[in-house]
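Student: Please assemble the complex out of the two chains, which come individually in their own frames, going by the hints.
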Amino acid sequence: MRNTRSTQLLFELSKPGRRGVCFPAADVPTQPLERLLPKSALADAPPPLPELAEPEVVRHFTNLSTLNMSVDTHFYPLGSCTMKYNPKRNERLAALPGMAHVHPYQPDESLQGLLALLFGLQQYLAEIAGLDAVSLQPAAGAQGELTALLVAVAYFKDRGERRPHVLVPDSAHGTNPASAAMAGFESITVRSTPAGLVDLDDLRAKLDDQTAVFMITNPNTLGMFDAQIREIADLVHKAGGLIYLDGANMNAILGIARPGDFGADMMHFNPHKTFSGPHGGGGPGAGPIAVRAKLAPYLPVPVVVERDGHYALDYERPKSIGRVRSFFGNTGVLVRAYAYIRTHGPDGLRRIAENAVLNANYLLSQVKGLLPVPQGDRCMHEFVATAARLKQEKGATAMDLAKRLLDYGFHAPTVYFPLTVRESLMIEPTETESKETLDAFAAALAQILSEPAAALHDAPLTTPISRPDEVRAARQPVLRWQPEPVE
Amino acid sequence: MTPASFAPQDLRFAPTHEWVHVSAEAGAKVATVGVSAFAVAALTDLVYIELPAVGRTVKAGESFGEIESVKAVSDLYSPVSGEIVAVNDDVANHLERLSEDAYGRGWLIKIRLSDEKELAALLDHAAYEKQCAEEAH
Numbered sequence: 001m002r003n004t005r006s007t008q009l010l011f012e013l014s015k016p017g018r019r020g021v022c023f024p025a026a027d028v029p030t031q032p033l034e035r036l037l038p039k040s041a042l043a044d045a046p047p048p049l050p051e052l053a054e055p056e057v058v059r060h061f062t063n064l065s066t067l068n069m070s071v072d073t074h075f076y077p078l079g080s081c082t083m084k085y086n087p088k089r090n091e092r093l094a095a096l097p098g099m100a101h102v103h104p105y106q107p108d109e110s111l112q113g114l115l116a117l118l119f120g121l122q123q124y125l126a127e128i129a130g131l132d133a134v135s136l137q138p139a140a141g142a143q144g145e146l147t148a149l150l151v152a153v154a155y156f157k158d159r160g161e162r163r164p165h166v167l168v169p170d171s172a173h174g175t176n177p178a179s180a181a182m183a184g185f186e187s188i189t190v191r192s193t194p195a196g197l198v199d200l201d202d203l204r205a206k207l208d209d210q211t212a213v214f215m216i217t218n219p220n221t222l223g224m225f226d227a228q229i230r231e232i233a234d235l236v237h238k239a240g241g242l243i244y245l246d247g248a249n250m251n252a253i254l255g256i257a258r259p260g261d262f263g264a265d266m267m268h269f270n271p272h273k274t275f276s277g278p279h280g281g282g283g284p285g286a287g288p289i290a291v292r293a294k295l296a297p298y299l300p301v302p303v304v305v306e307r308d309g310h311y312a313l314d315y316e317r318p319k320s321i322g323r324v325r326s327f328f329g330n331t332g333v334l335v336r337a338y339a340y341i342r343t344h345g346p347d348g349l350r351r352i353a354e355n356a357v358l359n360a361n362y363l364l365s366q367v368k369g370l371l372p373v374p375q376g377d378r379c380m381h382e383f384v385a386t387a388a389r390l391k392q393e394k395g396a397t398a399m400d401l402a403k404r405l406l407d408y409g410f411h412a413p414t415v416y417f418p419l420t421v422r423e424s425l426m427i428e429p430t431e432t433e434s435k436e437t438l439d440a441f442a443a444a445l446a447q448i449l450s451e452p453a454a455a456l457h458d459a460p461l462t463t464p465i466s467r468p469d470e471v472r473a474a475r476q477p478v479l480r481w482q483p484e485p486v487e
Numbered sequence: 001m002t003p004a005s006f007a008p009q010d011l012r013f014a015p016t017h018e019w020v021h022v023s024a025e026a027g028a029k030v031a032t033v034g035v036s037a038f039a040v041a042a043l044t045d046l047v048y049i050e051l052p053a054v055g056r057t058v059k060a061g062e063s064f065g066e067i068e069s070v071k072a073v074s075d076l077y078s079p080v081s082g083e084i085v086a087v088n089d090d091v092a093n094h095l096e097r098l099s100e101d102a103y104g105r106g107w108l109i110k111i112r113l114s115d116e117k118e119l120a121a122l123l124d125h126a127a128y129e130k131q132c133a134e135e136a137h
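Protein chains in written order, with my numbering: chain A, 1 to 487; chain B, 1 to 137.
Pulled out of the complex, with its shape left as it was, chain B reads as follows (with noise of 0.2 Å):
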């Protein structure tokens, strides 16, 4: 069930620095959604992380948990609307999968999306990457 990491270049990303791949799932289209490495790092050091419950629904842009950090607490924010089909509770015991495999074993929810369209306005990772080099000045 652990997902080999995917490569950032196929993944689409939310300005608010939230990381999303595509795949089809017995039929459906689904999103697996996680936090890039370059916010895992600028959190720094993490103490805790709540995410939701499966069979919740999200609306893009909706808040869908947590994530905490020796600094502060930050929302996360679902690049995609659908339902929540599975969660990675392994991540709440496990806050280092994060820095060492963000896009990987760090993944959080994986959502049945409800409106393929709303990919199309995240960002690819070149136009990502620039908007992380413009904060990080």
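Chain A extracted, bound-state conformation (with noise of 0.2 Å):
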């Protein structure tokens, strides 16, 4: 039943000459390519591109896209990544031609639905977040805390001040150092507590007047509130350094706390998160972010704002750190963010935390039987678990058993990450998956550890590609397809 010829590489399938469309006559003057560019900037040859017909195409990625696991197919704890259910409600609505087919260069008068709806979902943000003001143009998280670096380095220039450090906790997703490095910063880690919380003598050790902003994924990477969050805030502030707040984990508060209640300065949302848009797919994501009165003159450009029952998009601001993305950022994701909390509402947002905070309670309940869960018997959205004494008993390793559960119809969980636990797996299972699912999947574990190790070494048994060579991946990446030398 598998097609294996269509799944080829489309450079495999290609045969000169074929076409999928035929293009119409041109209807203005044609000139000659020499007298358009000059000669330095054309090609000796056409790129070889492949040359196919349509079906063949369609064919070819249709295909592919059925060898994938997906929200749509299957259930996907994915640690830290929110997979939930994606309703395809938001995707009618982000199709509208009023949402999906506009033109940047159109003048705001032609798309003030559109910008309404944007202005609409920056205080809806701001009100979520307990914050004052909201720049949508980031297109990723990891921008938003990039840009939410730079909108740091602008406040504290204006106020004359140099403050090289950035702090994060060991637990930190890898993105926070990162960014604070690209941003010019130099990031210094905070220890962890046994309990997985941050360690506040090591924090108060390495906090001081070079301190810029301290970086804190609340609930964190563990799945624990961390309750010391307004000493944390309060230390931060009186060294005169601001609070990032990571929004990965939005999912387990959403609702009930506001970061800005609890001492953030800034933060950014994960709108394919915590409002349900695709991972991956619909299009290029996003990254808001919201900040506190005093950051918001430096925000990126443009903000959109409201004159008179007029929207429009504001480019006079001149305090602020210039453009982070083209035109009014990534509006498609937005458009589905919009239509989720305007679904669920206030109460619905709220419940919507509850049942995630449940279902990853209940998984918990019935994982930490099978598995040690260092951090305890209470999680919030999600919860780590080890493999690390199946490891040292029986050589099985928490990658042994993600690979397993694949055969099992079950997507794995993060594993190998947070890098504080040993052999972890990071199980969020969020809150649009039914009890059946979650008995099923605690089942399989089960079923999976009764198994012999040496089998679950070799697994994935049933997926169209086994187990890929890693080491070899990242040793000897072939990171370009290259034509067969012609003899």
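In short, the hints are calculated from the structure, not lab data.
Computed from a prediction, not measured in an experiment: that's the story for all the values here.
Quick reminder that beta carbons are idealized off the backbone N, C-alpha and C, glycines included.
On the chain A side, residues computed to face chain B include the following (Cβ under 8 Å):
#1 Tyr416
#2 Arg422
#3 Glu470
#4 Arg475
Example chain A residues on the side facing chain B (calculated, C-beta under 10 Å, incomplete):
#5 Gly174
#6 Thr189
#7 Thr397
#8 Met399
#9 Val415
#10 Leu419
#11 Glu423
#12 Val471
#13 Ala473
#14 Ala474
Tutor: Written out as structure tokens, the structure reads:
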């Protein structure tokens, strides 16, 4: 039943001269290329692009798409990624011509609907964050981090302060220190306690008048809410620094706790996690940021503003760090976030968080008898189990378990992150899964743990690709397809 | 030039999993530094190592390089302060030396000590083993 011919590379399927489209005759005068471009800009030969008919291309991509796992086909408990179901109505709304078919150079007057929606989203995100101003511009969560840190750079520069350090807990997402480095900071790691929370003594030792920002993920990557957050924020603020909240885990506290209320000065949202946008589908992503009023003048341009019932893009912001993205950002995923927020309303958003936490705690109760969960019996939206003892006793690793779960029809949890737990499996069920699904997942895990360890090393056995050679891929990466040399 | 493997009992260890062996070379105390066998096993499959240039000075606790596995990138921390007088370039192309012979051909750098007293702060093998046993659970 599987069509292995159509899933060959397009280059391998190519036949010279084959076409999918007939272009109409040009209705403007044509000119030779050489007259339009300098010779130095012209290649000697056209690029070797594959040549195929339309049905071949459609079969290629359609068959490839059936080889994937997705939230539409499988339970996907990928910790930290909040792989919740993506409601189909959001797709329909994002595809409305007034949303999907506008052009960035249209005059504002002809874009009032979309601009009103974006303005509303700015306000909703500010309310959910408990902060004052929002930029929808960043194109991903990590770019949101970078943008917020550049805002902090501009803020401190304006105040005449030199603060070269960003503090990051050792349990943080790798993007935090990476964003700090890209914004020109030196990032300094703050240790966690054995319980997985910020080590306050270590924070105090590293915090001083050189500290610009403390970046914290709360709830953190171990699925725990760091209740010391007020104390942490007071310490950092007293030292003159800012608190950045990595909003990756907002799904756990939506409508219950607001980062601005517990001391955050800036944060990003991941619309594709918290607000049900598709991960890597449906167009490019977004990572809106929210900041306190004192940081608002430095936000990137443009910001959507309302003047006398008329919506416009405001570029006249003299202290702005400038542009971080073209035009008004990636609106597709923002429209979906808006639709999601409006669909659920304030009470519904709160219930989302409550059910995400309930589902995670239920699954934790089912898993903890199978694998140790070092951080205990309670979690927020996700928890981290460890296969360290299993590895020591049976020789089976977290990777082996993850790969074998694929054979049982479940996407694997996140493995080997966070780095503070050995052989970690980070499990986040989200609120959109039923009890039956969670039970089936736990049963599959129990079944796998009863299998001989030696058999697990070869898993998965039922997927189109079994186990790629990660070491060889990292040491000798093939970064570009090359044609076979012609004899 | 290839040293015979050291017995782990003769080494000192940093809590960050680097090992040190001190010997006298041309009138100076020189520390050979590597990564413990426990840490190499925990890192799993190694794919890349970045080592410093000879002549650089490092402080105890400072990063002198990076080691990358299929799981993560980790900093390598110098257990002692001083000038780097030798670097094991052979390891970069033969990462298997680390898993095969962590305390011998898998050595990483040699440091001419600037403060011998720092050695007292490091763990002996028994204390390091105890730390590893705790971390494994």
